[in-house]
Amino acid sequence: MKKIINLVLMVVLVFSLVVFSSSASTNSNPLSDVRVRQAIAYAIDMKTISATLFDGKVIPANSLTPDGEWKVSRLNNYDYNPEKAKELLKEAGWDPNYVLDVVYYYTDQITVDLMTVIQEYLADVGIKITFRRLEGDLPAQLWVKPSDPVNGPASVKWDLAYAANAALAMHEYYNRFKGGAASNSHTPTDTKLDALIAATNETADVAKQKAAFYELQKYENEQLFAIPLYYQQAFIYESNRVNRKGILYGNEQFFYDWRIIDWDVMPDKNGENVLYSNRGPVEFFDITAVNPALTMPNKFLFDRLIVADENLSPKKGQLASEYMVSKDGLTIEFILRKGVTWHDGKPFTAEDVKFTVEYLSKVPQLNAVAGETFSFLEGYNDYINGKSDGISGIVIDGNKVTFKFVKLAPNALLIFSQWPPLPKHLLEGTDPLKAQQAKYWQAPVGTGPFKIGEVNMNNYATFVRYEKYWDKGTGNIEKIHLYPSGDGEENLVINAEAGKVDYAFGKIVENAKAIEKMEHMKIIPINIRYTRLFYVNKFPKTK
Amino acid sequence: MERTIALFLVKNYNRGVVVVISYAIRRILVLIPTLFVVTFFVFTGLELTPGDAVSYMVSPDVLANISPESLEQLRESLGLNDPFIVRYFKWMGGVFKGDFGYSLSSGVPISEIVFDRLPATLELSIAALLISTLLGSILGTVSALKKGGMVDNILTFIGMIGVSIPQFFFGLVAILIFSFKLGLFPVGGRILPGHEAFLDRLPYLILPSLVLGLTMSAGVMRYSRSSMLETLNKEYIKTARSKGLPEWRVNFIHGFRASLSPVIVLIGFRLPMLIGGSVVIEYIFQWPGIGKEFVAAVRFQNIPLVMMIALFMVFSVLIASLLIDIFTAMLDPRIRLE
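Line by line, the protein sequences are chains Y and D.
Residues 1 to 543, numbered by the numbering used here, are exactly what the first sequence covers, in order.
Residues 544 to 881, numbered by the numbering used here, are exactly what the second sequence covers, in order.
Hints listed in this document are in silico derivations from the structure and should not be mistaken for laboratory results.
Values in this document were obtained by computation on a predicted structure and should not be read as measured data.
Please note that a few of the clues may not be correct.
[Unchecked claim] Here are the computed lysine to aspartate or glutamate pairs in the EDC-like style, where the Cα-Cα straight-line distance is at most 20 Å:
| no. | chain 1 | residue 1 | chain 2 | residue 2 |
| --- | --- | --- | --- | --- |
| 1 | Y | K362 | D | D695 |
| 2 | Y | K434 | D | E619 |
| 3 | Y | K404 | Y | E202 |
This is chain D alone, in the form it adopts within the complex (with noise of 0.2 Å):
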C-alpha cells in the first residue's frame, strides 16, 4: 500500500515532497499502536486512582444518608462493575466504531462536549501560540543581536521574570489591573447571549490569550536568544560577513533562519496544548475550554471522557512530533528525513 502510494507519488510530484509523505505514513502507522498503548496506561491509572464515578457524584454530606445499594444500583447502571478489561476493551471497540460513549455524569455524547468545547480552547491557545511565537522569537533575536547591551540586559531580565512567574498569579494580578482597576477588559467567560460573533467575544479573549502568550514567550524568547547567539558565531556566517552581504542580511536571512530549528522544536511541543488547553489560564479566567474540562473529569472519574480527551491529547503530542521532524528537516538542510 505505502510502496503504490510512493510510486504514485514519485510520477506526479519531485523527490522531496515523497520523501516527506512516505515518512509521515510511516510515523502515521507506528502512531496506532502507540495509540493502543497509551490509552491502556491512561486507562489503568484512572483504574488506579480511588473511587469512581459514582463517589463523586453526590456530595459527600449527602453520602451518609444514601443506601450502599442505591450507590450499587448506581454502579450497575453505569456499567462500572464489570471487570476493568472488559470495560476498557468496551471503550475501546467503541472508538474503533467511532462511538466514544457517554458522559457518566450527564448522559452527554462524548464527541458533543468535546466538539462543544474544543472551539473556546483552540481559540485561545492559537491566539496565544501566535502572540509566544512572534514576540518571543523578535524578542530574542533583538537580545542576541545586542547582546550585553541594555536592551539585551532587560529583556533577559523580563525574560527571567517571565519563565518564574506562575500563571495563576499574572492572571490574577492582569485581572486586577486591567479589569478591575482600568475597567479595560471583562474578568472572564467567553460568549455572552446575543453577542456570539467574533467580534464581540473579542474583549473576553485578549486578556487570557495575552497572559498566557506572554507567560510562553519567555521561554521562546530565551531559546531564540541561545539559539541565535550560536548560529552567529557559525562559520557560514562569518562567511557570508566577509563576501560583504549587508548586516540585516546576515542576521536575517543567513542567521535567523537557522537560530529557529530549536524554537521549532519549543513550538512543536507547545502545540499538542492546542487541545489540551492551560487548564490555569482557563480556571482564572472562567474559559469554557477543554482543559478546564479535563482536569473535571478527572476529579470526578468521567472516565469516557478522559480517556477522549486523553486521545486526543496523545494524538496531538505525537502529531506535533511528526511536524516538528518535517518542518527542523525543511528549515536545516543537514536533517534528513530517513
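The shape of chain Y in the complex, shown without the other chains (with noise of 0.2 Å):
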C-alpha cells in the first residue's frame, strides 16, 4: 500500500513538474490561464476579417514572426473553431460574466471596425468585452511594469491591449516580453520563456539565431504570451513615369540597397526629370534617432557604413569600403571610403562616426535596439556616466574605426545599416537632449547622393543631385520634389491621382485600395516586420 502511495505521489510529482516546466503559472488573473489566451485565438476569425474587413490586405498571424525564414515552420494557426474556444473556456473554468477591458491607441474608423467585431466573435463562446481608445500619455496607461515583475499586481487597467509589434531586429518581438523588462508591464515573468529568448541574444551567428528563434516560436505558439492577429503589409506607390530597372523591392520603412541613383524618371511636363513624392517636411527634418529611413529625404540625403539587402540582411560596404567582424563577434573594423564628403564639402572622416554613435547614446528618443548596441561598447557606461569624453571602445586609427564590444551585440550589423554617421563639425556642441531641436534639422548635410535644393518649410522641399557623391549611378534623377505630409501619408491619394507621386509608401490599407484603381500607378505590396496583436495582461489586477 505505501508502494501504491509512493508512486501516485511520484506520478503526481512528475506530472506537476512537466505542467509546471511547460507553462507560465497561473494566478488570479483568468487571462494568466493559457486555455482562455488560446480560447480567444480561436474565437477570431481572422481569416475572414483580413478578407473582409482590410480587403486581402493584411495577413492572419500565428506568431509575432512574419512568414519567411526566420519562422519555424508548421505552428498552430488557431484556425476559427468557437467550439474549441468554448470547450478551452469550460475548462479553465472561465466566468461569462467576466468583462475585459480592451484598450488601443489608433485614431483610424478601421480599428474601432475590427473591435466591433471582435467583440461579436468573442461573444459568440461567451467572453464580453468592452473597447475604448487611450489619449494622452500612453506609455504611462500602456506599457509601466510591475515594481514585482513576478506576482505583480499588474500597474495597468487594461486586460488586452491592440497595437503593433514593429521590429528591425527580430529581438525586438520578443525582449520586450522578458520578465522585468523596462515597458513589460503584461507578461510576468517565466523563467523558460526568459532563457528562449536570451539564447537569441548569445549569438551573432544568424543559423544559431534562426534556430533559437524557431524554438522561441513554438513556445509562444503554445503559450500565446501574446496573441497575434495579423501582418500588416507596406505597399510601395509607382508612377508608369518610374523604372526601377528590377532592382529588388525591400521593406521601404528601412533603409536596404535600392540604388536610387540608377532609377529612371520620364521627363515632367516642364521637360525636367523630377521625382515626386511625399513626406517631405512640415516644421523639421526628422532626426535619425528612432527609425532614420521612415521619413522619405533620410532615404537619399544620407549613406550608411554598411548597406543592407532587401531583406535587410547587412549586404556589403557603402562610407565603408569594407568592414571586418572578429570571430568572436567582439570586434567590427570599419575601413571607411576614401573622397568622401558631406553635401557642404566637408570631408567625412572617422571622427564623424565617432561621434554619431556618442552622439545618439545620449538622445532620449534612439532606438532601442540601436541604444542597447551602443551600450555594449566598451567604455560606454563611464562615458553616459559623465566619467570620460567618449566612448573608449571607439578606435581611430586614420580611416579605420574600431568598434570594441564587452558583450556580443547581435545587431550591431543591422544598426550600422540603418544609423547613418552625422556631421560632427555641424552638430558638436549642440545638447543631444534636445537634438531634434538643433539647427542642423531645418536643413541637414548628408553623405547621400542627393542634398538639398531648396526648402519651403510646410511648402516643399527639393533636392538635386550631389555632384561629389562618391558613386556613379545609370539613373537620370536630377531633382526629388517632396510635398509635405506631416502623418506620412496625409494626402498620398489626391497627391497620386493628381499625378503629383512618382514614389511613395505606407501602410494604410484604404490608400491602398484607392491607388490601386489608378491606372497610372503601380502598387507593390510587401510583407514587412510589422504585427498587430493583443498584448495580455496576465498579471493579478488589484481590484
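Both chains are given apart, each in its own frame, so use the hints to dock them into the complex.
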C-alpha cells in the first residue's frame, strides 16, 4: 500500500513538474490561464476579417514573427474554431460575467470596426469585452512594469491592448516579453521564456539565431503570451513615369540597397527629370534616432557605413569600403571609403563616425535596439555617466574605425546599416537631449546621393544630385520634389490622383485600395516586420 | 495719460474723431487684462488635456521600446516637469519681453513659425472675406428687392444649400470637378519652387478662396436679405419714396446703407478668421496656413505654439469687436459710442 501511495505521489510530482516547466504559472487573473488565451485565438476568425474588413491586404498571424525564413514551420494557426474555444473556456472555468477591458490607441475607423467585429466573435463563445481608445501619455497607461515582475500586481488597468510590434531586428519582437523588461507591463516572469529569449541574444551567427528563434516561436505558439492577429504589409506606390530597372523591392520603412541613383524617371511637363513624392518636412527634418529611414528625405540625404539587402541582411560596405567582424563577434572594424565628402564639401572622417555613436547614445529618442547595441561598447557607461569624454571602445586610426564590445551585440551590423553618420562639424556642441531642436534639422547636410536644393517648410522641399557623390549611378533623376505630409500619408491619394506622386510608400489599407484603382499607379505589396497583436495582461489585477 | 491725449486731439480734430479715439483707447486698456485671463484659461485647458508634448513626439508603436527614463530625460530637457503655474508665468514673462518661446517639436522660434504661416492664411482669408462680403451683400439685397419672385426663391434656395453644405464636402466636390475633371486648377498647395510671385500663386488661391468665400457668402446673403427687408419697411424709407426720390436712390442710398449694420457685425466677427484661418479648407487644399498649424500644435501639445496662435486669435477677436462698434456707430446715427 505504501509503495502504491509513493508511486501515486511520484506520478503527481512528475506531472506537476512537467506542467510547471512547460507553461507559466497562473494567478487570480483569468488571462494568466493559457487556455483562456488560446480560446480567444480560436474564437476570432482572422481569415474572414482579413478578407472582408481589410480587403485581403493583411495576412492572418500565427506568431509575432512574420512569414519567411526567420519563422519555424508547422505552427498552430489557431484557425477559427468556436467550439474548441468554448471547450477551452469551460476547462478553464471561465466566468461568463467577467468583462475584458480592451484598449487601443489608433485613431482610424478601421480599428473601431475591427474591435466591433472581435467583440462579436468573442461574445459568440461567451467572452464579454468593452473597448476604449487611450489618449495622452500612452507609455504611462500601457507600458508601466509592476514593481514585482513575478507576482504583480499589474500597474496597468487593461486586459488586452491592441497594438503593433514593429521590428527592425527580430529581437525587438521578443525582448520586451522578458521578465522585468522596462516596458513589460503584461507578462509575469517566466523562466523558460526568459531562457529562450536569452538564447536568441547570445549569438551573432545567423543560423544559430534562427534556430533559437524557432524554439522561441514554438513556445510562443503554445503559450500565446501575446495573441498575434495579423501581419500588416507595406505598399510601395510607383507611377508609370518611374523605371527602377529591376532593382529588388525591400522594406521601404528601413534602409536597403534600393539604388535610387540607378532609377530613371520620365521628364515632367517642364521637361525635367523630377521624381515627385510625399513625406516632405512640415516643420523640421526628422532626426535619425528612432527609425532613420521612415522619413523620405533621410533615404537619399544620408549614406550608412554598410548597406543591407532587401531582406535587411547586411550586404556590403557603403561609406565603409570594407568591414571585418572578429571571430568572437566582439570587434568590428570599418575602413572608411576615401574621398567621401559631406554636402557642404567638408571631408567625411572617422571622427564623424565616433561622434555620431557618442551623440546618439545621449539622445533620449534613440531606438531601443540601437541604444542596446551602443551600450555594449567598451567604456559606454563611463561616457554616459560623465566619467570620460568619449566611448573608449571606439578607436580611430586614420580612416579605420574599430568598435570594441564588452558583450556580444547581435544586431551591430544591422544597426550600422540603418543609422547614418552625422557631421561632427555641424552638430558638435549641440545638446543631444534636444537633438531634434538643433538648427541642423532645418536643412540637414548628409553624405547621400542627393543634397538639399531648396526648403520652403510646409510648402515643398527639393533635392538635387550631389555632384561629388562617391558612386556614379546609371539613373537620370535630376531632382526630387517632396510635398509636405506631416503624418506620412496625408494627402497621398489626392496627390497620386493628380499625378503628383511618382514614388511613395505606406501602410494604410484604405490608401492602397484607392491608389490601386488609378491606371497610372502601380502598387507593390511588401511583407514587413509589423505585427498587430493583443498584448495580454496576465498579472493579477488590483481591485 | 488718456486725458492728455484727448486734450491734444480736441485741439487738432473734430469731436467725432476724438470720441472714437478715446473710446478705442479705453477698449484697448480693457483688452490687456482680458488677454491675461483668456490665455490663462487656454493654458489651463491645455494642461487638462491628457499627455504632453513628449507623448506625441514618438509614434505610439515605437514608444513601447523607449525606456521611461529616456522619456523623463526628454521631459526635463524641455522644461515640462516644472509646475503648471511656473510654466504659465515663464511663458507670460517671455511674452512681455517679446520672447514667444520655441516650438517644442523643432526648436524653431515661435515667432518665425507664425510669421511664416501668417501670409498664407491672410491671403486666403482676405480673398474669401472679400468674395463673401461682396457677393453676399449684393445677392442678399437683390433677393430682398425681388422678394417672393423667382430670383428671390432661387437665391434663397442657394443660400440654404450654402449654409447647409459642410465646407469639406464642398471643397472635395470642387477639387473633383474643377481640378480632376476640368483640370482648371491645381488640387492643392500654394507655392512651387521658383514660382513665388503673386501671379504664380494665383491659380492655387482661386479654388480654396472661392470655396471658402462662397460658403461664407450664404450667411452674409441671408443676413443682408432680412436686414434689407426690415429696412425697407421703415418709416424713413416710405418718407423718401413719398418725397419722390428715384427708386434706386431709395433702395441703395437710404435702404442699403442702413441695412448694412447687422451685416457688418457678421463680417466683423469673421475678421478673427484672418488670423485663425479656416482649418477645414487649409487641410483639404493643403494650404500651409496658421489654422492647420494650430490644429497640429494642439494635437501634439506644442504649448508655446498653441499659446502664441491663441493669443493672436483672442487679440483679433477683441480688435474685431472694437471695430464693429466703431463701424456700426458710423453707419447708424442712432448708435453712440459711450
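Flag every earlier hint the structure violates by its number, smallest first. 1
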